[in-house]
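**Student:** Quick mapping for you: the protein sequence lines, in order, are chains C and D. In terms of my numbering, the first sequence has 164 at position 158, counting the first letter as 1, and numbering is strictly consecutive. In terms of my numbering, the second sequence has 141 at position 45, counting the first letter as 1, and numbering is strictly consecutive.
It should be emphasised that the hints constitute simulated quantities derived from the structure, not laboratory data. Fair warning: this is a prediction, and the values are worked out from it, not measured in the lab. Quick reminder that beta carbons are idealized off the backbone N, C-alpha and C, glycines included. Possibly wrong hints are sitting among the right ones.
Stated by the list, open to error - Computed spacing ranges between beta-carbons, pair by pair:
#, chain 1, residue 1, chain 2, residue 2, range
1, D, 116, C, 36, 48 to 58 Å
2, C, 335, D, 116, 37 to 47 Å
3, D, 121, C, 373, 52 to 62 Å
4, D, 116, C, 34, 16 to 26 Å
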Amino acid sequence: MPEEILKEILGKKLEETKKGIILDGTPRNKEQKKMLEEIGIKKSQIIVIEVREEIVIERISNRRTCNKCKRVYNTKTNPPKKEGICDDCGSEGKIIIREDDKTEAIKKRLRIYREETEPMVKEYEKEGRVIRINGEPPIEEVREEVMKRLVRGKKMAVLYSGGKDSNLAMLYAKRRGDEIACLITIESENKESYMYHTPAITQTKKQAEALGIPIITTKTKGIKEEELKELKEAIKEAIEKYGVEGIVTGAIESVYQASRIGKIAEEEGIECYNPLWKKPQKEVLQEIIDEGWEVIIVGTGAEGLDERWLGRRLHEPGTLSDLQRLEEKYGINIAGEGGEYESLVLWMPMFNKELKVKKKEIIREEGGTARLIVELE
Amino acid sequence: MGKTIIIIGPQGSGKGTIAEGIKEELGMEVITTGDLLREETEEGNRRRKED
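Using the sequences and the hints, build the whole thing.
**Tutor:** Written out as structure tokens, the structure is:
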């Protein structure tokens, strides 16, 4: 269908209706997504019904249609009372397989879905608006799951370090429609912990206050693999106390982090949501800067990033370009994913007040790392 | 403009049935692209007849 006609019809329909709308069948590709944005549909909730291709083929190849009245039957779930004869038209109607429902035609449409629709869904996913629902159970169950997720969202615990990534991941979960039930902070006594980011972690209680969200904190000695036990206990507590159904992490590239947390989630039968996974570093930073977050650098540990960087604000003019210069020169990761720097969020859109630094002290460590110990008001 | 929900899924995923099944509870209207085009064509035909 020509894009322009679709745009015109949809635009007209949107003007007429006063109710909220559910769009079924549009958008199917990146061009249509862009078209919707042009007519003002930007902040939708996206529900993706997922069904494996072999199941789609099975479902549709069981579909039969009466060639007279067009009534649809299914040989397995909804057959006509008498084989080959339409319940309504009797012997006048012939039960046939429509051209569209033949396997070759289905395969072609599935290919288009894979090649055009799925890349579009990935774009929506980057904006953090996608709710994926398993469409394979009986339709009434799927419908209930959709309703549940739309009405009350999924109860999530955020693995919260207080830095920019865990805060952004939390915002994405919220945009997806989730309810942030609690935060989980693991304080590692080992400064080089593989899993958790140590500086400023004692401040997360103040951040939780500003967010108005309960927090579970626990300490770990930070021995590789051992520290996962404490995390597992904390997640269990979140499930028991707050009925948590999933965990949100700010992992962008760390396979170590994501796979281990994912495994715990699987063992506990809950979702592990990594909304920032593989997101380009610059996009993460740009989004935070554009939204006016107040973020300071509280830990440094890479070539070119010395203690002079401590306390520097991410959205200050020049910070991003300075980081990019270091990226070119030393190959650092500008979002700090490799531990180049650690950040502390003083304000982001979910905070009900801005946190202020009351006291700060620089601690220098062996190997050129430094951290800023801050006390918040 | 009110809230919008977009339902995406391959053919046979049941998305059309689900859209119809949630609209009442949510107090929303479903816009199915296929239907829209049909309406538009009928409207066009009617107008052409009247002319």
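**Student:** For every hint, state whether the structure bears it out.
**Tutor:** Hints and how they fare:
{"no.": "1", "hint": "116(D) to 36(C): 48 to 58 Å", "verdict": "violated, 27 Å"}
{"no.": "2", "hint": "335(C) to 116(D): 37 to 47 Å", "verdict": "violated, 58 Å"}
{"no.": "3", "hint": "121(D) to 373(C): 52 to 62 Å", "verdict": "holds, 59 Å"}
{"no.": "4", "hint": "116(D) to 34(C): 16 to 26 Å", "verdict": "holds, 19 Å"}
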